[in-house]
Amino acid sequence: MPIILENVSFSYSKKTPLETSALREINLRIEKGEFVGILGEKGAGKSTLTKLFNGIFKPETGIVRVDGLDPSSREAKRKIGMVFQQAADQLFCKTVYEEIAFGPLNFGYSKKETEQRVYEAIEAVSLDQTELSRDPFSLSGGEMQRVALASALALRPDYLVLDEPITGLDPIGKNDILKTLNRIKEKGTAVITVTHNLKGFFPLLEKIVLLREGRIAFQGSRESYLKKGFEPLPPIASMMKELGVRGLPVNLTVFTVEDALEEIMKLKSILGTDNNENK
Amino acid sequence: MIRLEKVSYSYPDGTPALENLNLVIKKGEFIGIIGKNGSGKSTLALQLSGLLKPQAGRVMIRGMDTRDPSKLPEIRKFVGIVFQNPETQFVGRTVEEDLAFGPENLCFSPMEIRKCVDMALAETGLEKYRHRSPKTLSGGQGQCSALAGVLAMRPECLIFDEVTSMLDPESGISVMEIIKKLHRKGKTIVYITHNLEELHDADRIIVMEKGKVMLEGEPKSIFSDISLKTLGFDLPSLIELAETLKTHGVIIPWEKTASPQSFAEEICQLFLKT
Amino acid sequence: MQEPVFSYVPGASIIHRLDPRTKVTAVMLLGILTFRIDNFAGIVALFAFFFVLALLSGLPVKVFLRAVKPMMLFIFFIFLTQMFFTDGRPFASYWILQPSLEGLEKGLKLAARFIFLLLFAALLTASTDPSAITCGVERMVRPLPLRWLGISSFELATMMNISIAFFPLLFERVERTKAAQTARGMDFVKNPLRSIPALAIPLLRGIIRDAEELALAMEGRGYQGSRRTSIHELSMHKNDWRALFMLALFILFILIL
Ligand SMILES: Nc1ncnc2c1ncn2[C@@H]1O[C@H](COP(=O)(O)OP(=O)(O)O)[C@@H](O)[C@H]1O
Ligand SMILES: Nc1ncnc2c1ncn2[C@@H]1O[C@H](COP(=O)(O)OP(=O)(O)O)[C@@H](O)[C@H]1O
Ligand SMILES: [Mg+2]
Ligand SMILES: [Mg+2]
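Residue numbers (our numbering), protein chains in the order written: chain R, 1 to 279; chain B, 1001 to 1274; chain E, 2001 to 2257.
Calculated from the structure, these hints are not laboratory results. Quantities reported herein were computed from a predicted structural model and do not represent experimental measurements. Any given hint might turn out to be false.
[As the list claims (entries may be wrong)] Derived list of chain R stretches under chain B, where covered just means 3 residues or more per stretch with a C-beta under 8 Å from a C-beta of chain B:
id : stretch
1  : 112 to 119
2  : 135 to 146
3  : 180 to 192
4  : 261 to 269
Built from N, CA and C at the ideal position, the CB exists for glycine as well.
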């Protein structure tokens, strides 16, 4: 069963002069096990959308259902793991262990079961056991992000929802989280992530939801997103699009360096002229 | 004009952060600094701005030793630093008052302060937000306001510590544009980042590792250095593509790898010229 | 978000342009005065005085209504207790309660005093930029031996300014932590006792870290806690002296009345 949004709208500061409509007429369906990227400019409504998934916000109109359940119910909350934008504000316990155990204990699992889940979670995010006794506030940005991820995973969610999980990390931290997310997805958890980092995430995304001014501008597979020429694009895809604009016969679905190399060499042989030698 | 001589620094809890570091920053340079988390970039930035003092060696800022307390006001006027999180850099209730904070500390007269504030607002294009609370600005505008707060002190040298890392790409680009403009006007820029794309036009890049300078050179040579990859850095995709194309006999000049547009333009030039 | 009570309403009236020190002094003196008035003539005169000032300030009426409204219930309650529980000649009788004429008079006066305090405070805050108030207060307390308390008047003023600027951030932080805890199954309705420390501890630690970053940013911008100037030009003009002179006359007049 999927996450379903039907005709959902949401506004902030309802009935005040500052009322801002953040989302309008959203229809969305996210299946189990999908890797979904939510893209869009700042203020497009991405963060707001993620907060509708687990009932932090209630839609103004329309309905949200998580496997048929009301997202603010406890049953539904257990199915959804959330990692918000600022990792530092999501950590509030004295040790990393307590932090990760917080969720399972809240949902009434036994000490033993909780312990098992904590170990499973730190393994999933490749945190060392020695880190469990550390103070979450003494961790680096990348480590904090991994602890936040682990505490969401400890609930063994069916859906993992992340808001810009690699923003501000160093390249090693970024690649770590990307690899971890890929592993989590391979194990059957749906990963739904808001991101601006297309270079890192694009290879992982199966489905793309593009928001523009609170509405869905595109929803579908990565291939059709590329073919239809939507933006934003990762640098290579953007370059291919530019080639297309300049009238060269290129495959728009290319976004990796290897494929681009192949594509450009193909162009070279089609067009025949080899100006490098002439120069 | 900033010179680090054999600088070492450990935090009070004993964590070593810089070891025997030598570095010279010339007037008008744009220096990029990259390195893993914990490699000492922020500590270096604090040393360069005189906010931390070396335990061994010395930091000379335009001939002034940062350990000399009597020189501190002069040093503050000369170097400004902008940090990652705009929210924790605001001290004023409105943008205007926030920008006034630095000049006020320099004991300028109210009229001089107004002049500094107006200049900084114009430089960053924030005039229309003058009376807004800096808290209500978006991330990108907030970071511009933090930059303006430093500019109001008219420093010659500006240090940026991961100022775009919390911003969305568009806002990051607009902040970057202001910084490049300042560089063209002759300011010396030290720019710390994880985003190598931002350093395409830098005069020099320094790669930090474990409190030391690991690599140093022009972007062109740094980006083609394989040891960068062993340090865990991914090259900007277009540069990587240009590098692989080179091995296949297609040569894209360095300047053209700056943006997808210029790259595509160059390929068209190469292939369509008949 | 609604505009908060006692917020600044920018303007260029004669009242706006007075030096904050003049205004702070005036409000303090008028505050004391309201509690010394003992006859209705004084109250009427004070109200007339306020009315003139309010007109001069050009501030909209709602500024003053907004200041008084939230306190109305409290003031009314004070009025009632005074009326019913002051001994004197009863003018009516409800059950065991006997409102007295003396009580009525006392209640009315007390209510008027509170309302005056609120009105004058609103006049000050609406016509003066908060940081100008801080700056004015700083100048006024500068000669006091604050150093015995371990801080300088400059530090005091900067602290006042920063707390004004920093306050809204706290709410956002609490909201973010709360969202994170809700998502991980914390039930704030069922566990009100657990929720307070669960929110307070990260808040406190977050503030400490923010404060460290802020301190660094401030130092980087040349702050040393010692002498500094201000963007707000504080200079007593002719108008300020005139205003203070008129205020003195008015106070004398009321006291003699
Ligand atoms: N707490 C809030 N109060 C009022 N408006 C808000 C709030 N949060 C977001 N908004 C507004 O809602 C819109 C969508 O915001 P958001 O979902 O945060 O966008 P994104 O995450 O895509 O940048 C924006 O116009 C933003 O200004
Ligand atoms: N305030 C501090 N107290 C103790 N150790 C610190 C402090 N700040 C940084 N460090 C340590 O100093 C080293 C260098 O840190 P930093 O200069 O912040 O690196 P970077 O900015 O490259 O991530 C790291 O090992 C870090 O853990
Ligand atoms: Mg967002
Ligand atoms: Mg750093």
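Going through the hints against the structure:
{"no.": "1", "hint": "112 to 119", "in the structure": "violated (count 0)"}
{"no.": "2", "hint": "135 to 146", "in the structure": "holds (count 3)"}
{"no.": "3", "hint": "180 to 192", "in the structure": "violated (count 0)"}
{"no.": "4", "hint": "261 to 269", "in the structure": "holds (count 5)"}
Figure legend: structure checked against the earlier numbered hints; hints not met, in rising order: 1, 3.
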